[in-house]
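Novice: Those protein sequences? They're chains A and B, same order as listed.
So the first sequence is numbered by our numbering: it starts at 323 and just counts up by one.
So the second sequence is numbered by our numbering: it starts at 323 and just counts up by one.
In case anyone wonders, no lab produced these hints; they're calculated from the structure.
Don't take each hint at face value.
Pairs involving identical chains hold if they fit within one copy or between any two copies, as the list cannot separate such chains.
[Unchecked claim] Calculated lysine to aspartate or glutamate pairs in the EDC-like style (CA-CA distance at most 20 Å, straight line):
#1 697 - 711
#2 603 - 493
#3 408 - 647
#4 449 - 419
#5 699 - 363
#6 699 - 711
#7 697 - 633
#8 699 - 453
#9 456 - 633
#10 456 - 493
#11 449 - 573
#12 449 - 496
#13 408 - 453
2 protein chains.
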Amino acid sequence: MLFANATLPDGRRHHIDVQGGQIAALLPPSGDPTRHAGTLDLGGALVLPPLIDGHIHLDKTLLGLPWVPNQAAGNRVADRIEAERKVRATRTVPEAETGANLVRQVVASGTLHMRSHVDIDNQLGLKNLHEILKVRERFRDLVTIQMVAFPQSGILRSPGTAALLDAAIAEGADLVGGLDPVGIDGDLDGHLDAIFSIAERRGVGIDIHLHDSGESGIHQLAAIAHRTEVAGLNGRVAVSHAFALGSVPTDLAERTADLLAEAGVAIMSHGPGGAVIPPLKLLRDHGVEVFGGSDNIRDAWSPFGNGDMLERAMMIGYRANFRHDEELALAFDMVTAAAARVLGIVPYGIEPGGPADFVIVEAGSLAEAVAARPKRKLVIKAGRIVARDGVLVP
Amino acid sequence: MLFANATLPDGRRHHIDVQGGQIAALLPPSGDPTRHAGTLDLGGALVLPPLIDGHIHLDKTLLGLPWVPNQAAGNRVADRIEAERKVRATRTVPEAETGANLVRQVVASGTLHMRSHVDIDNQLGLKNLHEILKVRERFRDLVTIQMVAFPQSGILRSPGTAALLDAAIAEGADLVGGLDPVGIDGDLDGHLDAIFSIAERRGVGIDIHLHDSGESGIHQLAAIAHRTEVAGLNGRVAVSHAFALGSVPTDLAERTADLLAEAGVAIMSHGPGGAVIPPLKLLRDHGVEVFGGSDNIRDAWSPFGNGDMLERAMMIGYRANFRHDEELALAFDMVTAAAARVLGIVPYGIEPGGPADFVIVEAGSLAEAVAARPKRKLVIKAGRIVARDGVLVP
Numbered sequence: 323m324l325f326a327n328a329t330l331p332d333g334r335r336h337h338i339d340v341q342g343g344q345i346a347a348l349l350p351p352s353g354d355p356t357r358h359a360g361t362l363d364l365g366g367a368l369v370l371p372p373l374i375d376g377h378i379h380l381d382k383t384l385l386g387l388p389w390v391p392n393q394a395a396g397n398r399v400a401d402r403i404e405a406e407r408k409v410r411a412t413r414t415v416p417e418a419e420t421g422a423n424l425v426r427q428v429v430a431s432g433t434l435h436m437r438s439h440v441d442i443d444n445q446l447g448l449k450n451l452h453e454i455l456k457v458r459e460r461f462r463d464l465v466t467i468q469m470v471a472f473p474q475s476g477i478l479r480s481p482g483t484a485a486l487l488d489a490a491i492a493e494g495a496d497l498v499g500g501l502d503p504v505g506i507d508g509d510l511d512g513h514l515d516a517i518f519s520i521a522e523r524r525g526v527g528i529d530i531h532l533h534d535s536g537e538s539g540i541h542q543l544a545a546i547a548h549r550t551e552v553a554g555l556n557g558r559v560a561v562s563h564a565f566a567l568g569s570v571p572t573d574l575a576e577r578t579a580d581l582l583a584e585a586g587v588a589i590m591s592h593g594p595g596g597a598v599i600p601p602l603k604l605l606r607d608h609g610v611e612v613f614g615g616s617d618n619i620r621d622a623w624s625p626f627g628n629g630d631m632l633e634r635a636m637m638i639g640y641r642a643n644f645r646h647d648e649e650l651a652l653a654f655d656m657v658t659a660a661a662a663r664v665l666g667i668v669p670y671g672i673e674p675g676g677p678a679d680f681v682i683v684e685a686g687s688l689a690e691a692v693a694a695r696p697k698r699k700l701v702i703k704a705g706r707i708v709a710r711d712g713v714l715v716p
Numbered sequence: 323m324l325f326a327n328a329t330l331p332d333g334r335r336h337h338i339d340v341q342g343g344q345i346a347a348l349l350p351p352s353g354d355p356t357r358h359a360g361t362l363d364l365g366g367a368l369v370l371p372p373l374i375d376g377h378i379h380l381d382k383t384l385l386g387l388p389w390v391p392n393q394a395a396g397n398r399v400a401d402r403i404e405a406e407r408k409v410r411a412t413r414t415v416p417e418a419e420t421g422a423n424l425v426r427q428v429v430a431s432g433t434l435h436m437r438s439h440v441d442i443d444n445q446l447g448l449k450n451l452h453e454i455l456k457v458r459e460r461f462r463d464l465v466t467i468q469m470v471a472f473p474q475s476g477i478l479r480s481p482g483t484a485a486l487l488d489a490a491i492a493e494g495a496d497l498v499g500g501l502d503p504v505g506i507d508g509d510l511d512g513h514l515d516a517i518f519s520i521a522e523r524r525g526v527g528i529d530i531h532l533h534d535s536g537e538s539g540i541h542q543l544a545a546i547a548h549r550t551e552v553a554g555l556n557g558r559v560a561v562s563h564a565f566a567l568g569s570v571p572t573d574l575a576e577r578t579a580d581l582l583a584e585a586g587v588a589i590m591s592h593g594p595g596g597a598v599i600p601p602l603k604l605l606r607d608h609g610v611e612v613f614g615g616s617d618n619i620r621d622a623w624s625p626f627g628n629g630d631m632l633e634r635a636m637m638i639g640y641r642a643n644f645r646h647d648e649e650l651a652l653a654f655d656m657v658t659a660a661a662a663r664v665l666g667i668v669p670y671g672i673e674p675g676g677p678a679d680f681v682i683v684e685a686g687s688l689a690e691a692v693a694a695r696p697k698r699k700l701v702i703k704a705g706r707i708v709a710r711d712g713v714l715v716p
């Protein structure tokens, strides 16, 4: 199969020669594509590497169900946790089904890899993990799903959760998660002791939700960086949200960035709407890996979101006040190559020898693709068309 | 023509009887629609009033041209003004053409009324006004376009601009604009003297861009409210952006809200990405009319935006941290009824005796329509289908 006249993100024009699900070669555009059997002429359309969602909650979404109004009584994380309990109690459709609805939608928009947090606490047990393990199995040929055992109700505050997180890893979760060690559990060391000991024992990475803001959040980031180095987990730890980095003076953000960079702790941002966004360019300039994710999609936490990572790159760019092409390229990098590095997706990118995974859009440049979020004409997985015009091919 | 089985935003189900371009009656859904000739069964789809863009820049957009990278040297308003001059100097397609591209796109997304600012300064003269007057004339049967004579380069800083603003009103602009009296012109009284005297002499309203933040912005808002009362222009003055309201302590924002409410000064927000958003609910609770607009769409100022006001309501809601249905309804109100009140669009809404203007989408509720921004199935203007599935009907 030859994908002829493809424009790569850097502007180069190539024919993409696909053999056995892999990119065999990037041929010069001067070659006559008609000599090949099975040529698809892309007519200069832009070919993007597959999109990556670095932070999604497949078990939380209510996608495909009739509209469920938000019921949180207040604006604190604890209020939303409580509201989610209520929604969960009245749910009649299993998480495996709504999660599947979301996976179909995100694959149709060009996402072929994702990291999903999965709620675990002493009421839920491993139920959500089991539901999303079914989703992972069901779509294994279409998308890779990394799972984080996520203590949504805290660890110390929900006794028994630490053992459940450990069991979740044994049953197939890929990373251990955390949540506001101070804001939710009120015990920085206790919370971090629990998750770092699981990570070390099981040999897995860590991804911690940190909403705590200001100096408290900064203090927690420093502690996470320190423990990462001590545990030798450099490059395997991420902090999601990290609003604190955007809420303190620049010099403190810079010093914290240096600690994170040294420890190889990555930062995930979804371009928050109501919270401050971390200073993405500052972080990147200091050597911190920054990557993107959807976060909540039409669930008890948020009515918004659709899992389109090109739209997410726009939202990140909009919130970060990005306007120049190289800034839009950074937002794009956060939902592609940077996310691939954090998630350990190797090989990745439109390169000979790599998988023939890519997304085809009509756009005059990468910056335009981020700003305009054009329809996905084709999504290609291992050389096969899996979605066309935003709709999955059966 | 009968639009049968329409669900109104409040959930009521009706057949909408359209006669001579107007809504003749909202019939009970029990009636048999097939007795009517020309029945279109909407099958319970949601029927929304026409969307309104309270703040657009038809003369600035580069929509339809090949991608133009942003060239601003810095992040100040003054840097962007300078960058826009450069883009303008190399522009080969007239503003009437790119403006028309944008009008077509926004009408296809369900916007049937808009307020467009039009740049005026001592270099441009009335050129942009003339270009956008052509657009208004061209699309007069499709959309109403209110025009603000906008001093994009300041008034005192660009000598001769005051006379040009006055001339613009004489030539068809509907309101006089202003821009950061302190931040750009460095002369609060001088700037306000100029625009309020034009407004009083010409009997038109005012819409002022105010990016100036903090106490300075608050001081300017108070001055604008005071002058509005003195001039008897209550209900005819708006301030666009007003970031200052979001950047000061709540009690100061509240006191300023009271002044604005008393003077009938409305506040426009587009849900800014990089700046703080005014406290919309606080303003509304204090009696201030808040309305929405797109602001820049793919121009020298911003690479983002597409003129879809349902998407804009989502962006406003996202930035304002809205999650509950009634909050999403407020965001929707900002791009419909509230904007209609500010722009003086009467009659407005899906009511007997009003124009048969509406937008049809598939959504289970108004809140879902805002959050999910579904495709516009049909846009109806004076009883006629003007767009279908997001595309203008020729």
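Novice: Next, verify each hint and record whether it holds.
Specialist: Hint by hint, here is what the structure shows:
{"no.": "1", "hint": "697 - 711", "verdict": "both (6 Å within a copy, 14 Å between copies)"}
{"no.": "2", "hint": "603 - 493", "verdict": "neither (38 Å within a copy, 46 Å between copies)"}
{"no.": "3", "hint": "408 - 647", "verdict": "between (44 Å within a copy, 17 Å between copies)"}
{"no.": "4", "hint": "449 - 419", "verdict": "within (14 Å within a copy, 58 Å between copies)"}
{"no.": "5", "hint": "699 - 363", "verdict": "within (13 Å within a copy, 31 Å between copies)"}
{"no.": "6", "hint": "699 - 711", "verdict": "both (4 Å within a copy, 17 Å between copies)"}
{"no.": "7", "hint": "697 - 633", "verdict": "both (11 Å within a copy, 16 Å between copies)"}
{"no.": "8", "hint": "699 - 453", "verdict": "neither (31 Å within a copy, 35 Å between copies)"}
{"no.": "9", "hint": "456 - 633", "verdict": "neither (28 Å within a copy, 34 Å between copies)"}
{"no.": "10", "hint": "456 - 493", "verdict": "within (12 Å within a copy, 67 Å between copies)"}
{"no.": "11", "hint": "449 - 573", "verdict": "neither (44 Å within a copy, 47 Å between copies)"}
{"no.": "12", "hint": "449 - 496", "verdict": "within (16 Å within a copy, 61 Å between copies)"}
{"no.": "13", "hint": "408 - 453", "verdict": "within (19 Å within a copy, 56 Å between copies)"}
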